[in-house]
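Each chain is listed here by its residues.
2 protein chains.
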Amino acid sequence: MPQNDTVNRRLVLAAHPKGAPTPQDLRLEEVPVPQPAEGQVLLRTLYLSLDPYMRGLMNVVGPSYAEAVKLGAPMAGGAVSRVAASKHPHFRVGDLVLGNAGWQDYALSDGKDLMPLGDMARPSLALGGLGMPAFTAHYGLLDIGQPQPGETVAVAAATGAVGSVVGQIAKLKGARVVGIAGGADKCKYAVEELGFDVCLDRRDPELAKKLAEACPDGIDVYFENVGGDVFDAVLPLLNNHARVPVCGIIAHYNDKSLPDGPNRLPLAMSTVLQKRVRMEGFIILDHYGERFRRFSREMGEWIATGKVKVREDVVEGLENAPQAFIGLLEGKNFGKLVVKVAD
Amino acid sequence: MPQNDTVNRRLVLAAHPKGAPTPQDLRLEEVPVPQPAEGQVLLRTLYLSLDPYMRGLMNVVGPSYAEAVKLGAPMAGGAVSRVAASKHPHFRVGDLVLGNAGWQDYALSDGKDLMPLGDMARPSLALGGLGMPAFTAHYGLLDIGQPQPGETVAVAAATGAVGSVVGQIAKLKGARVVGIAGGADKCKYAVEELGFDVCLDRRDPELAKKLAEACPDGIDVYFENVGGDVFDAVLPLLNNHARVPVCGIIAHYNDKSLPDGPNRLPLAMSTVLQKRVRMEGFIILDHYGERFRRFSREMGEWIATGKVKVREDVVEGLENAPQAFIGLLEGKNFGKLVVKVAD
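Protein chains in written order, with full-length UniProt numbering: chain R, 1 to 343; chain Y, 1 to 343.
None of these hints come from the bench; they were simulated from the model.
Errors might be hidden in some of the hints.
Claimed, not checked - Straight-line alpha carbon distances no greater than 30 Å define the calculated DSSO-like cross-link-like pairs of lysine-lysine that follow:
#1 R:Lys-87 / R:Lys-70
#2 Y:Lys-256 / Y:Lys-87
#3 Y:Lys-171 / Y:Lys-112
#4 R:Lys-209 / Y:Lys-173
#5 Y:Lys-307 / Y:Lys-18
#6 R:Lys-309 / R:Lys-188
#7 R:Lys-188 / R:Lys-210
#8 Y:Lys-256 / R:Lys-210
#9 R:Lys-332 / R:Lys-188
#10 Y:Lys-340 / Y:Lys-188
#11 R:Lys-18 / R:Lys-188
#12 Y:Lys-173 / Y:Lys-340
#13 Y:Lys-188 / R:Lys-209
#14 Y:Lys-210 / R:Lys-256
#15 R:Lys-340 / R:Lys-210
#16 R:Lys-210 / R:Lys-171
#17 R:Lys-256 / Y:Lys-70
#18 R:Lys-18 / Y:Lys-18
Stated by the list, open to error - Which residues of chain Y face chain R? A few of them, derived with a C-beta cut under 10 Å, are:
#19 Glu-224
#20 Phe-231
#21 Ala-251
#22 Pro-259
#23 Arg-276
#24 Trp-302
#25 Ile-303
#26 Ala-304
#27 Thr-305
Since the model is a prediction, treat every value here as computed from it, not as a measurement.
Just so you know, even glycine gets a beta-carbon here, dropped at the ideal spot from N, CA and C.
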């Protein structure tokens with residue numbers, strides 16, 4: 001049910017952010033709702049996903065795996081939408097789909113990028129616990145990290161969309177899990193609700209010391225999604241043959257230039273060498289074909305049986321997406337961040 | 001035939017180097033030749049291997065994979081030796097063996113660390129082209145780097161004991177090979193004798209630009225044995241799914257502290273992520289059991305048939321080992337550096 005079925009509100013990129021994005025880097029526009037041509041569907045956005053990778057789309061040159069958003073164009077992003085009009089043989093009005101509507105009320109699609117969601121009870125899960133972030137956790141942890149029973153797994157952003165799933169799956173696989181999260185509430189949640197063995201506050205000035213104490217047997221798998229101080233604290237604790245899946249370095253997405261020294265790269269390379277570390281970057285988009293089905297089956301069961309808990313941080317209203325996104329990069333969200341755009 | 005069969009000259013660690021080692025960090029001592037106890041052999045050093053990893057043994061705390069040399073103890077190192085006296089049932093006087101005699105004329109061994117070399121025509125090859133450095137190249141390139149025909153492989157220290165073999169094996173596997181070496185003579189040798197497609201001078205102030213020109217299709221495998229400026233130049237050229245076996249970072253072995261900034265670690269991690277790079281450190285000692293036999297068979301054939309050329313840089317006299325080692329860390333050697341200690 002759109003609030004207004006003739007106006008499409010959309011958030012367009014007004015300026016490439018210099019460092020951290022500001023509200024002025026995005027502009028709310030009102031344009032007419034587009035009409036589907038033959039073979040197209042009109043999508044009404046219900047839930048918009050906000051994810052750290054989107055920061056990279058705002059730069060002049062985008063990341064290697066996705067096109068940058070052009071100035072004046074709507075911000076890109078995954079969304080759960082309802083088909084509002086259809087000139088496509090496979091989609092009917094009312095169908096619930098996962099697609100790439102972007103930061104707007106309405107979008108057109110030729111259907112190729114749409115995944116039907118059936119009558120999913122909690123469709124926003126397609127953006128989080130049953131979607132890209134959890135798939136990132138599942139693939140990166142299991143295929144690259146390969147935690148063994150009794151090993152120690154460390155993960156930051158421990159209550160976020162990715163980190164929370166990394167830690168819970170690692171527990172299911174018999175590992176000891178040490179999380180790092182922003183603040184006491186999140187740490188409490190990670191331990192009491194998600195079952196992490198320990199969770200440390202990333203703002204603690206003694207983080208490195210406390211992490212060492214929390215990992216008396218070192219770290220076998222570090223799931224890298226933040227970079228920065230956390231990685232610096234992890235580095236000396238990595239065990240021989242440690243694995244480091246790299247899915248993000250959120251601490252650096254707002255960097256305007258190389259950070260001040262000292263240069264920690266030689267130390268990292270020396271650790272990789274001496275500890276025989278395997279470090280591997282991955283972009284989850286590469287793996288949908290071969291691996292999404294297994295993820296979907298396993299996570300579906302784990303969520304249904306309560307073995308993995310999924311927490312959402314729902315922001316109401318498309319107009320609040322910019323502030324929510326800025327907060328996401330600062331770690332203000334608590335759980336998977338989604339914007340509820342319409343019912 | 002020892003020059004003197006009652007005196008054992010040995011180079012002991014006199015001081016932990018601060019930065020680059022100096023001649024004063026090592027001290028030449030004369031002690032009596034030890035006598036083998038029951039179950040031991042006395043070894044006469046013929047060829048001593050000098051390798052960059054030895055720098056790590058001189059620090060207060062050694063690398064993870066080997067004990068540091070204690071002050072006053074002889075420097076450790078692999079050597080080809082002849083059995084000079086034996087109270088061990090499996091070794092006879094005159095046997096040629098590969099062992100860990102260290103930087104001295106004579107050493108004792110209980111035999112467990114000795115590999116019989118038979119009547120090998122060119123026994124010093126057991127320290128280079130048929131030994132640890134070439135095994136490092138063979139394992140790291142083939143098992144981690146996995147170059148495919150038509151891919152681009154980059155390697156530094158291109159005429160060194162490891163790099164020269166990396167490049168030649170990569171050529172045998174159908175890859176395009178770009179080397180980096182210190183000076184015009186070495187570069188000429190890499191191209192004309194070893195068959196590299198291109199070789200660039202590492203001292204060229206425009207190295208980064210020239211490397212980009214030499215790698216129009218990017219870099220698929222970077223065999224990391226130096227670090228420093230070369231790695232900085234390689235980083236932006238890495239292709240999606242590039243592999244980076246890490247066997248050494250010689251440019252940093254003399255670092256007294258973290259180098260000045262900027263901090264290049266976030267850039268490296270961002271590259272690992274966006275390009276889905278797999279970076280993997282390895283210590284060749286870990287792989288003798290499962291993999292040395294294959295290496296030995298393949299390299300033996302390649303060297304015998306001239307498919308892989310091996311160049312040695314032979315320094316005469318144990319007393320010249322310190323200066324030769326200091327030069328090795330500066331890249332002054334041309335080929336695998338060995339010290340001829342006795343005939």
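Now for the hints, and whether the structure bears them out:
1. R:Lys-87 / R:Lys-70: holds, 28 Å
2. Y:Lys-256 / Y:Lys-87: Measuring from Cα to Cα gives roughly 45 Å; hence the hint is violated.
3. Y:Lys-171 / Y:Lys-112: violated, 37 Å
4. R:Lys-209 / Y:Lys-173: It is violated: about 47 Å lies between the C-alpha atoms, which goes past 30 Å.
5. Y:Lys-307 / Y:Lys-18: violated, 42 Å
6. R:Lys-309 / R:Lys-188: holds, 15 Å
7. R:Lys-188 / R:Lys-210: holds, 16 Å
8. Y:Lys-256 / R:Lys-210: Holds, at roughly 27 Å.
9. R:Lys-332 / R:Lys-188: Holds, at about 16 Å.
10. Y:Lys-340 / Y:Lys-188: holds, 27 Å
11. R:Lys-18 / R:Lys-188: It is violated: about 35 Å lies between the C-alpha atoms, which goes past 30 Å.
12. Y:Lys-173 / Y:Lys-340: violated, 34 Å
13. Y:Lys-188 / R:Lys-209: This hinted pair is violated, its Cα atoms lying about 51 Å apart.
14. Y:Lys-210 / R:Lys-256: Holds, at about 27 Å.
15. R:Lys-340 / R:Lys-210: Not satisfied, since the Cα-Cα distance of roughly 38 Å exceeds 30 Å.
16. R:Lys-210 / R:Lys-171: The hint holds at about 21 Å.
17. R:Lys-256 / Y:Lys-70: Outside the cut-off at roughly 46 Å; violated.
18. R:Lys-18 / Y:Lys-18: violated, 42 Å
19. Glu-224: Holds, because the Cβ-Cβ distance from Y:Glu-224 to chain R comes to roughly 7 Å (cut-off 10 Å).
20. Phe-231: Holds - the Cβ of Y:Phe-231 comes within 10 Å of chain R, reaching about 7 Å at its closest.
21. Ala-251: holds, 8 Å
22. Pro-259: holds, 5 Å
23. Arg-276: Holds: closest Cβ of chain R sits about 5 Å from Y:Arg-276, inside 10 Å.
24. Trp-302: For Y:Trp-302, the interface hint is violated, since the closest Cβ of chain R sits about 26 Å away, which is over 10 Å.
25. Ile-303: Interface hint status for Y:Ile-303: violated (27 Å vs cutoff 10 Å).
26. Ala-304: Since chain R brings no Cβ nearer than about 32 Å to Y:Ala-304, farther than 10 Å, the hint is violated.
27. Thr-305: violated, 33 Å
Hint violations for this structure: numbers 2, 3, 4, 5, 11, 12, 13, 15, 17, 18, 24, 25, 26 and 27, all remaining hints satisfied.
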